[in-house]
Amino acid sequence: DGGITQSPKYLFRKEGQNVTLSCEQNLNHDAMYWYRQDPGQGLRLIYYSQIVNDFQKGDIAEGYSVSREKKESFPLTVTSAQKNPTAFYLCASSSQHSNQPQHFGDGTRLSIL
Amino acid sequence: QKEVEQNSGPLSVPEGAIASLNCTYSDRGSQSFFWYRQYSGKSPELIMFIYSNGDKEDGRFTAQLNKASQYVSLLIRDSQPSDSATYLCAVKERGTSYGKLTFGQGTILTVHP
Numbered sequence: 230d231g232g233i234t235q236s237p238k239y240l241f242r243k244e245g246q247n248v249t250l251s252c253e254q255n256l257n258h259d260a261m262y263w264y265r266q267d268p269g270q271g272l273r274l275i276y277y278s279q280i281v282n283d284f285q286k287g288d289i290a291e292g293y294s295v296s297r298e299k300k301e302s303f304p305l306t307v308t309s310a311q312k313n314p315t316a317f318y319l320c321a322s323s324s325q326h327s328n329q330p331q332h333f334g335d336g337t338r339l340s341i342l
Numbered sequence: 006q007k008e009v010e011q012n013s014g015p016l017s018v019p020e021g022a023i024a025s026l027n028c029t030y031s032d033r034g035s036q037s038f039f040w041y042r043q044y045s046g047k048s049p050e051l052i053m054f055i056y057s058n059g060d061k062e063d064g065r066f067t068a069q070l071n072k073a074s075q076y077v078s079l080l081i082r083d084s085q086p087s088d089s090a091t092y093l094c095a096v097k098e099r100g101t102s103y104g105k106l107t108f109g110q111g112t113i114l115t116v117h118p
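Note that the protein sequences, when read in sequence, are chains B and R. According to my numbering, the residues represented by the first sequence are 230 to 342, in order. According to my numbering, the residues represented by the second sequence are 6 to 118, in order.
Simulated from the structure, these hints should not be mistaken for lab results. Please note: incorrect hints may appear among the correct ones.
Below, computed lysine-lysine pairings styled on BS3-like, alpha-carbon distance capped at 25 Å [said to hold, decoys possible]:
id	chain 1	residue 1	chain 2	residue 2
1	B	K312	B	K286
2	R	K105	R	K47
3	B	K299	R	K105
4	B	K300	B	K238
5	B	K300	B	K286
6	R	K105	B	K300
7	B	K286	R	K105
8	B	K238	R	K47
9	B	K286	B	K299
10	B	K243	B	K312
11	R	K61	R	K72
12	R	K61	R	K105
Cβ pair distances, simulated, as ranges [claimed, not checked]:
id	chain 1	residue 1	chain 2	residue 2	range
13	R	S45	B	A290	23 to 29 Å
14	B	S251	R	H117	38 to 44 Å
15	B	Q270	R	A73	28 to 34 Å
16	B	N247	R	A22	47 to 53 Å
17	R	N58	B	T249	41 to 47 Å
18	B	N247	R	A73	44 to 50 Å
19	R	N71	B	D267	28 to 34 Å
20	B	L240	R	S87	25 to 31 Å
21	B	N328	R	S25	20 to 26 Å
22	B	D335	R	S87	15 to 21 Å
23	R	P15	B	L240	25 to 31 Å
24	R	S25	B	G245	44 to 50 Å
25	B	N247	R	N71	43 to 49 Å
26	R	R65	B	S309	45 to 51 Å
No residue lacks a Cβ here, since even glycine has one placed at the ideal position from N, Cα and C.
Based on the provided sequences and hints, a complete structural model is requested.
The following block contains the structure:
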């Protein structure tokens with residue numbers, strides 16, 4: 230089945246530690262996105278990528294980094310510079326056609342130890 | 006800062022009633038509009054999209070778009086308890102690349118038996 234796979238489902242971060250969230254899609258989508266969702270809030274865009282080896286900052290990129298070495302994969306690293314990382318992280322993808330919707334993975338819930 | 010605002014909730018309706026969810030957006034040139042449903046602890050799933058002024062129906066769901074007034078709404082007829090969720094409005098703004106969307110903060114809908 231085509232879809233977006235995020236792993237792990239739950240992740241715990243220690244003080245000063247970097248952690249990486251995985252996102253893989255087999256939908257052949259060009260664009261991929263990372264969002265952060267805090268309780269009772271909407272989605273805030275962290276980073277997005279339209280093509281391999283290229284990505285742009287979203288609204289809240291500070292303390293995060295990404296890479297896009299393969300079309301299928303868009304991992305997100307939450308660095309130690311992100312002082313309040315506890316949130317629900319969602320990865321999404323969409324095709325290159327401008328009116329196409331985004332499709333989401335199941336999310337990763339990150340907490341501080 | 007371009008904004009997408011949803012009617013404040015939570016919204017509570019009895020089973021069988023019509024639930025009306027509203028969304029306004031600030032960018033007059035916005036092109037595409039999406040409604041996502043998000044169950045508690047889960048990722049958003051697309052339920053409707055609309056590009057042109059007027060109504061679009063899909064089963065019990067009707068999306069209504071009025072570009073002159075800059076609002077989009079979602080009507081859910083014959084509401085069921087299984088419709089209880091957070092509904093997210095998302096807008097593709099003019100000049101944004103690929104499927105980059107701006108999300109509202111969501112409206113919590115509760116359908117009580």
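We went through each hint and held it up to the structure:
no. : hint                        : result
1   : K312/B x K286/B             : holds (18 Å)
2   : K105/R x K47/R              : holds (21 Å)
3   : K299/B x K105/R             : holds (20 Å)
4   : K300/B x K238/B             : holds (22 Å)
5   : K300/B x K286/B             : holds (18 Å)
6   : K105/R x K300/B             : holds (17 Å)
7   : K286/B x K105/R             : holds (12 Å)
8   : K238/B x K47/R              : holds (11 Å)
9   : K286/B x K299/B             : holds (18 Å)
10  : K243/B x K312/B             : holds (11 Å)
11  : K61/R x K72/R               : holds (14 Å)
12  : K61/R x K105/R              : holds (22 Å)
13  : S45/R x A290/B: 23 to 29 Å  : holds (28 Å)
14  : S251/B x H117/R: 38 to 44 Å : holds (39 Å)
15  : Q270/B x A73/R: 28 to 34 Å  : holds (30 Å)
16  : N247/B x A22/R: 47 to 53 Å  : holds (49 Å)
17  : N58/R x T249/B: 41 to 47 Å  : holds (44 Å)
18  : N247/B x A73/R: 44 to 50 Å  : holds (48 Å)
19  : N71/R x D267/B: 28 to 34 Å  : holds (31 Å)
20  : L240/B x S87/R: 25 to 31 Å  : holds (30 Å)
21  : N328/B x S25/R: 20 to 26 Å  : holds (25 Å)
22  : D335/B x S87/R: 15 to 21 Å  : holds (19 Å)
23  : P15/R x L240/B: 25 to 31 Å  : holds (29 Å)
24  : S25/R x G245/B: 44 to 50 Å  : holds (48 Å)
25  : N247/B x N71/R: 43 to 49 Å  : holds (46 Å)
26  : R65/R x S309/B: 45 to 51 Å  : holds (47 Å)
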